[in-house]
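Whenever a hint applies, use it, and build me the whole structure from the sequences.
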Amino acid sequence: MTRRKRLTLFLGCTVVFIVSTVLMLAYSFGYRLSPDEWSIVQAGGLAVKATPSVSARIFVNGKLLKETSLISRRLTLGGLTPRTYNVKVERTGYHSWEKSLAVKPELVTDVDAFLIKKDQQPIRWTQNDSYARMSFVDADQEIIALTSENKKTSIYIDGATGTILTKPSFRLASSSPALSKRAKAFIHERGITAFRYDPYGERLLWWDTDALHVRWLQGEDYLPLYTERTEIEIRNIAGGIRTAEWYPGREGLLVAHGDSISALELDPRDRRNIYPIFTGSKPDILVSSSNELLYILSDHSLSVLPIE
Numbered sequence: 001m002t003r004r005k006r007l008t009l010f011l012g013c014t015v016v017f018i019v020s021t022v023l024m025l026a027y028s029f030g031y032r033l034s035p036d037e038w039s040i041v042q043a044g045g046l047a048v049k050a051t052p053s054v055s056a057r058i059f060v061n062g063k064l065l066k067e068t069s070l071i072s073r074r075l076t077l078g079g080l081t082p083r084t085y086n087v088k089v090e091r092t093g094y095h096s097w098e099k100s101l102a103v104k105p106e107l108v109t110d111v112d113a114f115l116i117k118k119d120q121q122p123i124r125w126t127q128n129d130s131y132a133r134m135s136f137v138d139a140d141q142e143i144i145a146l147t148s149e150n151k152k153t154s155i156y157i158d159g160a161t162g163t164i165l166t167k168p169s170f171r172l173a174s175s176s177p178a179l180s181k182r183a184k185a186f187i188h189e190r191g192i193t194a195f196r197y198d199p200y201g202e203r204l205l206w207w208d209t210d211a212l213h214v215r216w217l218q219g220e221d222y223l224p225l226y227t228e229r230t231e232i233e234i235r236n237i238a239g240g241i242r243t244a245e246w247y248p249g250r251e252g253l254l255v256a257h258g259d260s261i262s263a264l265e266l267d268p269r270d271r272r273n274i275y276p277i278f279t280g281s282k283p284d285i286l287v288s289s290s291n292e293l294l295y296i297l298s299d300h301s302l303s304v305l306p307i308e
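Here the working numbering is used: the first residue of the sequence shown is 1, the next is one more, and so on.
The hints are simulated quantities; they were obtained by calculation from the structure and are not laboratory data.
Be careful, since some hints might not be right.
Unchecked claim - Within a straight-line C-alpha distance of at most 30 Å, the following computed DSBU-like cross-link-like pairs (lysine-lysine) qualify:
{"#": "1", "residue 1": "K152", "residue 2": "K282"}
{"#": "2", "residue 1": "K104", "residue 2": "K167"}
{"#": "3", "residue 1": "K66", "residue 2": "K49"}
{"#": "4", "residue 1": "K118", "residue 2": "K49"}
{"#": "5", "residue 1": "K184", "residue 2": "K151"}
{"#": "6", "residue 1": "K63", "residue 2": "K117"}
{"#": "7", "residue 1": "K282", "residue 2": "K167"}
{"#": "8", "residue 1": "K151", "residue 2": "K282"}
Unchecked claim - Derived DEER-like restraints, expressed as beta-carbon distance ranges:
{"#": "9", "residue 1": "T230", "residue 2": "T92", "range": "33 to 39 Å"}
{"#": "10", "residue 1": "A185", "residue 2": "T92", "range": "43 to 49 Å"}
{"#": "11", "residue 1": "H188", "residue 2": "G258", "range": "28 to 34 Å"}
{"#": "12", "residue 1": "E292", "residue 2": "L165", "range": "16 to 22 Å"}
{"#": "13", "residue 1": "H188", "residue 2": "P105", "range": "42 to 48 Å"}
{"#": "14", "residue 1": "E308", "residue 2": "T279", "range": "19 to 25 Å"}
{"#": "15", "residue 1": "D259", "residue 2": "E106", "range": "46 to 52 Å"}
{"#": "16", "residue 1": "N150", "residue 2": "P276", "range": "30 to 36 Å"}
{"#": "17", "residue 1": "T92", "residue 2": "G201", "range": "29 to 35 Å"}
{"#": "18", "residue 1": "K104", "residue 2": "T163", "range": "40 to 46 Å"}
{"#": "19", "residue 1": "G201", "residue 2": "S281", "range": "32 to 38 Å"}
{"#": "20", "residue 1": "T92", "residue 2": "R235", "range": "55 to 61 Å"}
{"#": "21", "residue 1": "E308", "residue 2": "K152", "range": "35 to 41 Å"}
{"#": "22", "residue 1": "R74", "residue 2": "N150", "range": "27 to 33 Å"}
Please read these numbers as outputs of a predicted model, since none were measured by experiment.
Think of the CB as a built atom: it goes at the ideal place given N, C-alpha and C, for glycine as much as any other residue.
This is how it looks when you write it as C-alpha cells:
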C-alpha cells in the first residue's frame, strides 16, 4: 500500500470516527432527525395511563407496548422523534380509546385514556310511577327526591339501597357545593342558569340545548395538561342537551341528550371520545360522587348504574 493510500485511509477512518462520535453524543443528549423537516431536533416523550389503570393494553402506532398491572400502571416512552403517534388503549369489556398525539421537542405528551364499560344494564328501582323530576335533598347526595310533573307529589329514596324514606327521618340540606366568589361573579356575568360547580378544581360546567361549556376559573396556571385554554365548548351532541354532570374522578362528563345518556372526555386533542351509556325516553340524570352511582329517571322510572 502506498503512502498516499495509507494517508487517505487514515483520514477516512478519522472522519468516520469523528462523525460517529458526534452522532452518538447528539443521540445521548436527546437529539433526533426529524423526518418531516429533515433537521436535527431534540427528542420528546410520551406518557400514557388508563382509567381504570389495570389490565389495559396500550398500543403505539399499532404495536402493543404495554399491558398495565397493579405494579406498573403507565407506559412511558422517551427519546421519541417529534411527530404524531397513534395511541390506542383497550381493556376487555370496555370501549376502546384512541387518539393521534403530537410529541414535541423537549416535552412529554401526557395522556389519560378514558375507558368506559360496554353494555352496562341499570338496575330499576321504581317503575310505572308518575314521577318526572329528581334531585338530591341532602349535602352528602345520598337521598333523592322524586317529584311529580305538577310538583304535588314527592317520595324520598335512599340513594344507596333504593329504600323509600319518610321525610321526618332525615334532615334536608343543600346538595350543591358553596360557590366561590369567582364562580358567583362568572355565573352572574354570563347569566348562567343551568350549571354544575366543581369546588376542588374550581371549574364550572354549564350548558344550553346546543352546547356544553367548561371554564377553569383559577386561570392558565391551573389548567390540565390537555388544554391551553381556560374555556372549552363542546358541540355536535345529538338530540339536544337537557342536563350534564361531572364524571366522578375523571376528566369527563355525563350528558343526557335526546333519548340517550353518553359519557365523553374533556381532552380535545385529535378527537373527543364519546361513549353510549343508556338509551331511553328523555332520560334525566343525577350523579353521586361519594357512592359513584349514576341515577337515571326515564319513562317515569328510577334506575341506578354503578360508575367507575
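Each hint, compared with the structure:
| no. | hint | in the structure |
| --- | --- | --- |
| 1 | K152 x K282 | holds, 22 Å |
| 2 | K104 x K167 | violated, 58 Å |
| 3 | K66 x K49 | holds, 10 Å |
| 4 | K118 x K49 | holds, 20 Å |
| 5 | K184 x K151 | holds, 28 Å |
| 6 | K63 x K117 | holds, 23 Å |
| 7 | K282 x K167 | holds, 28 Å |
| 8 | K151 x K282 | holds, 19 Å |
| 9 | T230 x T92: 33 to 39 Å | holds, 38 Å |
| 10 | A185 x T92: 43 to 49 Å | holds, 47 Å |
| 11 | H188 x G258: 28 to 34 Å | holds, 31 Å |
| 12 | E292 x L165: 16 to 22 Å | holds, 21 Å |
| 13 | H188 x P105: 42 to 48 Å | holds, 43 Å |
| 14 | E308 x T279: 19 to 25 Å | holds, 20 Å |
| 15 | D259 x E106: 46 to 52 Å | holds, 48 Å |
| 16 | N150 x P276: 30 to 36 Å | holds, 32 Å |
| 17 | T92 x G201: 29 to 35 Å | holds, 31 Å |
| 18 | K104 x T163: 40 to 46 Å | violated, 54 Å |
| 19 | G201 x S281: 32 to 38 Å | holds, 33 Å |
| 20 | T92 x R235: 55 to 61 Å | violated, 33 Å |
| 21 | E308 x K152: 35 to 41 Å | holds, 38 Å |
| 22 | R74 x N150: 27 to 33 Å | violated, 53 Å |
Hint compliance for this structure: hints 2, 18, 20 and 22 are broken, all remaining hints hold.
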